[in-house]
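Peer 1: Each chain, letter by letter, is given below.
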Amino acid sequence: MTKSGCAIRLGVKKRLGEFTLDCQLDIANGITAIFGPSGSGKTTLLDCIAGFLSPDQGCISKFGRIVFSSERSINVSPNKRGIGYVVQNSALFPHLTVKENINYGFSLTSEQKRKYSLETVMEILDIAYLSERDTRNLSGGERQRVALARSLAAFPDILLLDEPLASLDAPFRGLIIQKLKIIFRELGIPMIYVSHSISEVIALAHQVVVMSEGSILGSGNVSILLRDSNVKRVADFSSFENLLQGSISPVGIDGQKSIALGDTKLILPIERSEGEEKEEVSAIVSIRASDIILSKIKPIGLSARNVISARVKEVHSTDSSVLVECDIGEPIYVEITSLSQSELGIYSGTEVFLIIKASSIMVLGN
Amino acid sequence: MLEITYITLKVAIAATLINFPFALYIGWILGRRNPKGRLVLEVFISLPLALPPVVTGYALLIALGSRSPIGNFIQNVLGIDIIFTWVAASLAAAVVSFPLMVRSIIVAMSAVDPRLERSARSLGAGPMKTFFSITLPLSYQGVIAGTLLGFVRALSEFGATIIVAGNIPGVTQTLPLAIFARVQTGRTSDAFELVAVSVLLAVISLGVHNWLLSRSGSKGGV
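Sequences listed follow chains A and B, in order. Just so we're aligned, residue 1 is where the first sequence starts under the numbering used here, counting upward by one. Just so we're aligned, residue 1 is where the second sequence starts under the numbering used here, counting upward by one.
One should not assume that every hint holds.
[Claimed, not checked] Straight-line alpha carbon distances no greater than 30 Å define the calculated DSSO-like cross-link-like pairs of lysine-lysine that follow:
#1 B:Lys129 <-> A:Lys115
#2 A:Lys80 <-> B:Lys129
#3 A:Lys80 <-> A:Lys115
#4 A:Lys265 <-> A:Lys296
[Claimed, not checked] Cβ-to-Cβ under 10 Å is the rule here; a few derived chain A residues that face chain B:
#5 Ser90
#6 Ala91
#7 Pro94
#8 Ala147
#9 Ser151
#10 Phe184
#11 Ser309
#12 Arg311
#13 Lys313
#14 Ser317
#15 Leu339
#16 Tyr347
Hints were generated in silico from the structure; no laboratory data involved. Owing to the predicted nature of the structure, the values given are computational and were not obtained by experimental measurement. By construction, the Cβ of each residue, glycine as well, lies at the ideal position given by its N, Cα and C atoms.
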């Protein structure tokens with residue numbers, strides 16, 4: 001099997017009461033986000049791909065192999081599709097231990113088809129210490145890591161993720177985002193990730209498919225979320241957060257802790273319980289777009305710890321405000337009002353300073 | 001008395017064993033799937049619960065009699081005469097106790113989170129493997145409880161049994177039938193002994209049944 005080209009190619013129609021799913025779609029290798037408001041048919045689409053729902057008509061193929069075709073009466077059962085599926089609530093088997101859960105799919109896979117070891121999976125997800133535990137006593141983040149490990153241990157060709165972060169607290173969300181990136185990098189398994197959070201999609205996905213009311217509004221590079229006016233209609237930009245990955249250095253002699261994001265260093269808040277770590281650790285930080293202040297001249301005499309120079313890459317107007325995309329080695333988004341934008345004269349190419357209070361930066365799990 | 005107890009247990013155990021695979025299957029269909037004609041199936045399997053057992057017995061007598069295709073087949077092809085044997089008593093007890101058994105199994109199976117079975121399927125397990133590794137282990141307490149409830153009902157079966165199996169001492173005479181015969185002939189002290197055995201059997205079965213139910217309740221299932 002070749003991993004190049006389309007991971008999933010489909011054209012399906014499915015009626016469910018009043019709702020109709022009608023999609024034509026090519027999903028490339030990589031991490032693909034399916035984005036859309038609730039009720040847009042994201043989960044229905046995943047269920048069709050996984051084999052839990054049969055489309056009324058159409059065709060679905062995986063790496064060129066047909067798994068469903070109404071015309072040719074092909075409908076490969078879910079257990080033979082080689083498609084992993086991780087759901088929001090983890091759905092761990094309550095009567096089995098963590099290890100038994102992870103072993104479930106592994107033991108059903110013949111030895112030739114095992115592409116990596118169980119230890120690799122446990123190591124990537126950092127769950128070896130949970131092995132003997134009862135699944136009932138796990139935290140949300142642990143449950144989701146075990147669910148991911150269980151799916152990976154069945155060696156899927158593609159992994160479907162249905163809002164895997166939706167029921168998690170903020171720190172765990174960052175951790176899972178990191179793990180998903182590592183899984184793709186280390187194991188090369190393409191992922192289809194359903195989400196209604198634009199911040200998550202931008203932080204994680206290589207490409208995005210935008211859905212609304214059962215059909216596809218657009219697909220392509222994640223930037224269409226901000227550029228395509230059709231897509232912007234369904235996206236909720238309020239409370240947009242920048243989810244940025246960087247490495248946190250230990251508290252220095254100056255008593256400061258910082259995170260390096262590309263070539264930029266941001267000062268982080270210090271929590272009381274800290275001061276133990278000696279090495280750099282990779283982490284994801286969250287900065288709300290509305291917590292960043294834009295200035296055209298370098299401000300002085302400020303209490304805010306972080307003043308960073310940046311260049312405006314693009315200005316995206318949403319229905320309620322303006323999202324300014326700035327470049328600090330990687331994109332960071334700042335939310336301002338359209339009035340400030342026109343008064344300050346902020347356009348693509350403008351040199352600006354970003355002002356971020358250390359306390360506005362939240363470290364999400366490491 | 002020992003012989004009567006033995007026949008009673010033999011009939012009830014056989015009835016339960018006959019029912020178990022069907023009850024499991026129907027319980028799974030109605031508890032986990034949403035089949036077309038669900039209402040019809042539900043009414044049909046619950047019918048013996050609503051009908052007087054004598055009516056069920058009479059229906060069974062006709063079905064197993066030599067003039068029906070089934071009866072004809074059993075008698076002429078298999079060469080077995082089933083009416084008025086302990087096998088007929090088991091069948092009568094099976095039919096009457098089936099609804100109780102299957103209803104508990106439906107309740108137990110419908111409490112299993114369908115997402116768990118879907119997860120198992122996406123991990124590569126076929127429908128059978130999913131049933132035996134996920135659905136059944138997560139509903140087994142309810143399944144056992146239902147089976148015991150059916151067993152208790154089979155122990156006390158009277159109306160349908162007397163029609164298809166008669167009341168033949170040493171062959172088809174179970175505890176309820178023997179008690180009936182003794183009371184009829186005025187041997188009340190003999191009857192009392194058998195009543196005591198009946199009560200004992202029922203108390204043991206119900207005790208185990210309730211203990212299982214309380215355990216499954218405290219564990220909270222999923």
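Peer 1: Next step is simple, just say for each hint if it's right about the structure.
Peer 2: Each hint tested on the structure:
1. B:Lys129 <-> A:Lys115: holds, 23 Å
2. A:Lys80 <-> B:Lys129: It holds: about 13 Å lies between the C-alpha atoms, which stays within 30 Å.
3. A:Lys80 <-> A:Lys115: holds, 17 Å
4. A:Lys265 <-> A:Lys296: holds, 20 Å
5. Ser90: holds, 9 Å
6. Ala91: holds, 4 Å
7. Pro94: holds, 6 Å
8. Ala147: The hint holds - Ala147 (chain A) has a Cβ within 10 Å of chain B, the shortest such distance being about 8 Å.
9. Ser151: Holds, because the Cβ-Cβ distance from Ser151 (chain A) to chain B comes to roughly 7 Å (cut-off 10 Å).
10. Phe184: violated, 19 Å
11. Ser309: violated, 49 Å
12. Arg311: violated, 46 Å
13. Lys313: Because about 40 Å separates Lys313 (chain A) from the closest Cβ in chain B, which is outside the 10 Å limit, the hint is violated.
14. Ser317: violated, 40 Å
15. Leu339: violated, 48 Å
16. Tyr347: violated, 49 Å
Comparing the model with each earlier hint shows violations of hints 10, 11, 12, 13, 14, 15 and 16; every other hint is respected.
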